[in-house]
Structures are given as structure tokens and as C-alpha cells.
Amino acid sequence: MIRNSRKESLIAYALIAPFVAIYGLIFIYPTIDMFILSFQDAPLIGSGDWVGSDNYTRLGRDRRFGTAAWNTAYFVALSVLPGTLVALGIALGVSRLSGRLQALVLALFFLPYILPVSVVFRLWDWTLNFQFGIAMHLFDWVGIDRVPIFKVTAWFMPAVAFVTIWWTCGFSILLFLAGLRAIPQEIYEAAALDNTSRWRTFRRITWPLLWPVTALVLTIQLILQLKIFDQVYLFSQGGRPNDNLVMVYYIFQRAFVNDHGGRAAAIAVVLFFVVIIVSVLNFQLMRFAERRQ
Amino acid sequence: MSGPMTAQTARRFNLAGGAITLVTVICAVIWAFPIYWGIISSLKPEDEVVRPVIELWPETLTFDHYWFALTETQIGSWYLNSIVTALGVTFITVTTSMFAGYAISQLRFPGRTALWWLILASFMVPTQVLIINHFVLMANMGLLNSWAGIILPQLIHPVIIIVYKQFFDQVPRDFREAAVMDNASEWRILFKVYVPMNWGVTTALSIVTFIWAWNAFLWPFLAVTKTEMMTITVGITQVWDAFGVYYARQLSAAVLAGFPVALAYLLFQRRVTQAITLSAGIKG
Amino acid sequence: MAEITLDTVSKSFGAVKVIDDISLTVAAGEFVVFLGPSGSGKSTLLRMIAGLETIDSGRLEIGGRESQNLAPGQRNVAMVFQNYALYPHMSVRENMAFGLRNIRMAPDEITRRVEEAARILEMDALLDRRPAQLSGGQRQRVAIGRAIVKEPAAFLFDEPLSNLDAALRVRTRVELAELHQRMQSTMIYVTHDQTEAMTMADRIVVLNDCRIEQIGTPMEVYTAPATRFVAGFIGSPAMNFLPVQIEGSAAVLADGARVPLTVAPEGAAELGIRPEAVQVVGPDEAVVTGEARVVEHLGDRTLIYAVLPGGAEIIAQDGGRSTVAPGDAVPLRFDTSQLHLFDAAGRALPAA
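Chains A, B and C, in that order, give the protein sequences.
Its first residue numbered 1196, the first sequence is counted upward by one per residue in this note's numbering.
Its first residue numbered 393, the second sequence is counted upward by one per residue in this note's numbering.
Its first residue numbered 680, the third sequence is counted upward by one per residue in this note's numbering.
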């Protein structure tokens, strides 16, 4: 095609200019700023002295950092794999349905994902309320003593993970459904003609063909849950935030409660690298798996 | 037992299938129950709410709590702030991403590959780690407690550019050539051919961006300290004295906060699910 | 209506030459078909005229105006694409008007032209429909209408019938030929389908391997192919080729059978003869006798796939009620007025 390359470049630059401007201001500049700040002993706002890697070495001795790192890992373990399995189960169930019933059932499972975290918090704070929550009737019925769930450290993370799975599962369900729809119906028909049992059909056909989607869901969930903050913060209100710290929460606490901008930035850099390393590893693993297929 | 499926195994198959269907439906009802329970509780008088029995339908139906939330709290301002900021984020994100996605997909210019890699790389960076520096930046620009301050740091959505690029890539080359033969300028090719041909994806992406922006918590929570500037997701949980320890009032505020996005989802169910699967890199 | 001249035009994609020194003149009002197999460069050549591909060297004139460096829109040609490329979000009317609006034509002139084109193509009733609401044939017409409204110097068609089913293809072919008669405009038409080329063209340009093999009227190309490629590409079933030795005034087949010729240089050559010139005759008239392997009854004629004593395969044609059966010995005679000879390089030798 005859192209006027100078004119074409000018148009292209005009088109990307707004994006690049926003991106530079909101993404690139703050990222660089974060690295610089992490080497300073600075308050949140205002300048500070250059202290080299002090902010990082202090993290090793920091008990709150340890709690935050541990809780984040704990939360990831509680939410990622169970959440993915629950989503897979639901997707398998929903995919059997058809027509309006399927749309309705899918909507019921998906609706929580659409809600703001504040609403999710209010709903579950009410449902699991120590005195009046309807879930406590369930506790009574099963015969467990009632507990103020979000005030007890042992219950806190599992409960938040449970609520998180309820909240974000819809997303994974959608991905699984898309993956299930991509499996050609003829394969199932051939399997049925071969007298394959339901379980074998799942093990030998559905599961292997669905594996790429499963890997994708796991990756997305893993990266998402490493960045958890909202639910933990909201459910900790009036509780024991120091026991329930997660990484982002600790960044928030250091920066906005203790006014330690530099130390907070150091934690942010650590989380930054954790997420990027996990992303890259995942990406490589998936590429490796693809090549093996 | 070999050969074709016997009537007996077929029946057992159907029975098991029916059971799975039933279980799925029951699970769906239980799954959504907390939402129902929250809505129902918000429609009961406060004394009925705290009664220690399970009432699946209010004995006395009341809208008092909603009336209270709408008249006695700042929820009106919060609504306005949420609408303005969510629309702002949606409009700016979708238009800038559409333009950038088009340029990367259709035009050749120095720096194109570098820009594309930057966008792909930024996909991995967690924006949550930037809160400190966003806060400092917005403070220095004097934008805390303002709509612009809430909107700006929420504009990083590389996935929307990626989706747009995919869609523009998929437009057959014939259309571009036909437009060129038709004497259309580059701008007219973009606005009269490529954009209208992809209205569907624009609608879908706009709806989910709006939902994401409406639901945003962390940044609006940090960017605003004045109660009248809060978005609704922040306001209903952070202003303690607004509702007091009245569960039904709190729940009515939550229902009001969730209503617009739930409505958007129910109205545009197919578009929302399409956009969400697209954003994960799967063709919906 | 304008003349189009290509003068020593070339093009490469990287190191690969796709158009090699082509010169060609399309007269005003002429219907020229570029015919060739895929990869022959016929579409590239058309796109170079349209301006969708650059011309690396050489000159292009459209209506006397040097055009090789003009943008596609400025060349005053209109193109009909293989997949029509109708804008799916515009009505038929908007599709046709788009190109005119782009050059800021007065609205009543646009309306006049669109309605005129709709009248010519008999699709007045479809103007407010979207492409998705049209059948394949109707979309095809809209694509042509979009070209007509521009009142261009020339129409370029890039395999426009290949997306239609067989019946519609035949009908549209006739319509296109009629349209050309009525409008008398210059048209260049690219296809790999020899039937389309034979039925519609004033002249056919046969392309192969980035070069022009032959330019001529359909009958010239059919009866006097300039190269072995053209001889083999045009005609269905394809021409028979037999290796021969030319001795004196006869071509000697592998088994020694002699086919009389009038003039020809001595030496090895390839004898080309179309199936319709290989006739089944009585044993005493035969030049050579083959063994029938497959017999295809087509109703009006019968094709006999035979093997000659030397091992060469040949297709012969017999009448519709032929009684030849597989395994039969078939005595064959060659119609000496329809013989072609090709040298080792594939060029036609004066023969017959």
C-alpha cells in the first residue's frame, strides 16, 4: 500500500499522545519515584535523606513485615487453589444447563463479582454477625460455639479467603465456561459412543483439554490475591489490624499511618518484584507447557 | 458388558445428570442467598432485623432505612462523586486506549514496537504498589479531595489497549483498502470505519471499565479525606457516624451502592461476560 | 473511460520479484481479464494499478496522467474486492455514498448518483438495508454499485465472483458482461477461472510466474497459444502433450506413429493437441491406437482417457453416444489443423 510514512507517523503520534501522557504521569514517573523514595529516610510528603539500602535491611528485622508476608502467603494458599476448584466445579455444573435456566444460574453465581468490595463487606459482616448473623444459626445447628469471626485471629484469614472466593469466583467461572465451550461437542459424542463413563470422560477429555484455562485462572488468581488489601482492611476495622496485616496493608500502614514514606516504598518495591517474578515465572511455565503439547 | 449403551445404563446416566443439575441449581440459590438476605434485612424495621429467628420475608416491609440514607446522609454527594469519577475513568480510558490500540494495530511509526512491549510489560505491574507515589503526586498537584485526583491514578488499564489492538488486527485488510480507494483520510478510516465496526467491543469494554471504576476502593479511599468528596464505596464504610450501629441502615446504603453496577450487569449480561473473558485473553 | 498504460513495471517484496518488467496497454472501454494461477502476480498487478501496492520501477498512466506515485484515491479508479468489503455498519446507500462524502461532493449530486447506480443494478428496494441483510449476490451488486457511483476512469475487479455459488456465478457473469456493454467503461478483471476469462474478456492477459505469457482475444489465446503454459492452462479438459521427434514433414510419436505436419524445424519437440481434435475413428483411418482406461460420459460428448502404445496418456473426445468401454482398443486420429508444437523452452513453434 502506498503510504506517506511521515504523515502516518504524525497521525500515530497524535493518536498515542493522550495515552502516553497519562501513562508517563501516572505509571512511569511514579514507578521511578517509588524506587528513589525507597532509598530515602523520608516522610510521606516532603524530602528526606539518602540512606542507601537501610530501608531494605530493616525489613529483615521487622516483625510486622514478617506478619504481612506470612499472612499474604497464607491468604494466597487459602484462596487461590480452593477458589479455582470451586469455580471449576460450578462451571462444570452450569455448563450442563442450557437456555434461560443456564443464564439465570450463571447470573446468581456471577452477581457477587459485580459488587463493590464495600457491599461485599457489608453483606458478609451482616451474615456472619456474632449476635444477629444468619450464619450463626448454622453454627448453633451444627453445634459449634458462636465466634466473633473477624475479631479472632485464627478465624480471620480463612473467613476473608472464604468471602473472597465467594466474591471473585464469578470471574473464574466465566473463564472455565469459555474453555468448556471451546471443547468440540463431537469429542463428547465420540466418547459416549465408546461407552466412556462420566468420570473417565472428565478425567480423559474435559480435564486435559481444560488445562490451559485452569493454568490461566490459577495465574490470574495468584497475582490478584498477592495484591489483596480491601477486604482485609474493611474486615479489620475495629478489630486487630496488626495481626491481620498483608503486604499492601502494611505499605498503607507505614506510609499513611506511621508517615514513613521511604520505608513504605521499600515494602512496595519488594511486592513489585514478587508480583513481577511470579508473573514472569508463570508466563514461562505456560509457554513451556504449550511447547510440550 | 460391551456394545451399545443399554437402556439401564442410559437411565442411570440420566438420573445422575438430573441430580447434578439439581445440586447446581440449589448451590446457585445458596450462593446468592447473602445478597438476598442483605436486601431483605434492609427492608425490615430495625427491631425485626435483630430478632433471633430466621424470617425470609419481612413481617413489616419498610423503606424507612432507604429514606434515611437518602435524606439524612451525604449519600447523594457520594453517588454524584461515584458517577462522575466512574464515567470520567471510563471515558478517558476507553477513548485513549482505542486511539492507542488503533495506532499500534494499523499504523507504522518509529517506537511502535517499544510502546507495545511497554504496554505488555505494564500488564504485570501491580498498581497497588504505586499508592504512595500516586498520593505524593496528587498532593503536589493539589488534586487530593477532587474528582480529577480520584480519576487520574485509575487510568492504567493496559488490557483495554490489548483487546482493542486484537480487534483492530482482526478487521480484514480489505476494509482499509476499500476505504483508501474511497478517498477516506486516516481520521475518517478510524472514526467512520474501524470504530463503528467495533461498537460491540467498545460497549462491552465501557461497561466493565465503569463497573471497575465504580467498585474501586483503595485509591478513592486514599485520595479523599473530606466526607463530601467520597465515592459511595468509600463513604458507606468509612463514615462511622453516618449510619450508627443500625444494621438495616448500613445494609440499605450497601444496596444503594451496589444497585447501579448490579443493574448494569443484569441489563448488559452478555456484553459484561464478553468483556471479562476478553480481558483475560480468551476470545468470548 | 480511459486508457491505462503500464510501461516496464516491476515490483519486489524484499528479494522476491513479484512483477517482472511488465508492459501493457488497456484501451479505453476495453474489458481486459488478467488470468493466471495463484501466485502468478495477477492480483498484485491489479493492486499496483489501484495504488494498493507500490510500483518499484516503471511507469503507470491512467487516462494519460502519470499515476504511479499518486495515492489510490487520486487515481480515479474504483475497485470491487473479492470479499466485497462492504462496511457492515452502513446501509447500502451509505456504503455507496461514503467515497463521495469523503471528497465532499454536494449532497444532491450524491443522491442522484446513488439512485442512478441503484437503478442500473436494479436494487432500489435494497438501499436502506445493511449488508448483513443481503444475499451474496446482492452484496456483490452493492460492491459494484459502490464503484459505479464514483464514475471512475476504470473499474478494477479482484476475483469478484469467487464467493458466489456456481449458479449465481454464471448469472452474475452475464450481468457483468451486460454492464460493460451498457457503460462502455474500461474494466480490468482478475480471475483464475478460465471460463470467466473466455466469456467476458475483450482481451485476456495470461500471467504466469510474474510475467505476461500472452495477450490476446479469447479465441487467439485458445486457438494460438503462444506458450506451452497458455496451451495447458486454457481449455478444459487440458490440452494433451506428447513428446515427439520431428522428421521431415511429420512428428514421430514414441511408438513410431507419424503425424503429418506441413512445416516444422527438425528435432525434439512437444506436440500439443486438444482433446476435441483427437477423434475416435474406424481402425483404417487411425494414426495411432490407444487403450481406453476411463470413459466419462458427459451427455453431449464423451471423454476417453487412453494410454498410447509408447506409454503416453491422452484424452480423446467422442460423440455423446459413444460405445467405447474401458479396456477397449481405440483407434485415434489427430485433426492436423489443430496441432501445436512447443520447443524445449515451452515456446510455440510455427506448426500445422
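I should point out that these hints are in silico values taken from the structure, not numbers from a laboratory.
All figures in this text were calculated on a predicted structure; none of them were measured in a lab.
Careful, some of the hints might be misleading.
Unchecked claim - Which chain B residues stay away from chain C? Per the calculated CB distances, all over 12 Å, these:
id, residue
1, Phe455
2, Leu472
3, Ile484
4, Ser497
5, Arg504
6, Ala513
7, Pro518
8, Ile581
9, Leu658
10, Ala672
What the hints assert, rightly or not - Calculated lysine-lysine pairs in the DSBU-like style (CA-CA distance at most 35 Å, straight line):
id, chain 1, residue 1, chain 2, residue 2
11, B, Lys557, C, Lys696
12, A, Lys1202, B, Lys618
13, B, Lys618, A, Lys1346
14, A, Lys1202, B, Lys557
15, A, Lys1346, A, Lys1422
16, C, Lys696, A, Lys1202
17, B, Lys557, A, Lys1422
For glycine and all other residues, C-beta sits at the position ideal for the given N, C-alpha and C.
### Query
Among the hints numbered above, which are violated by the structure, and what are their numbers in rising order?
8, 12
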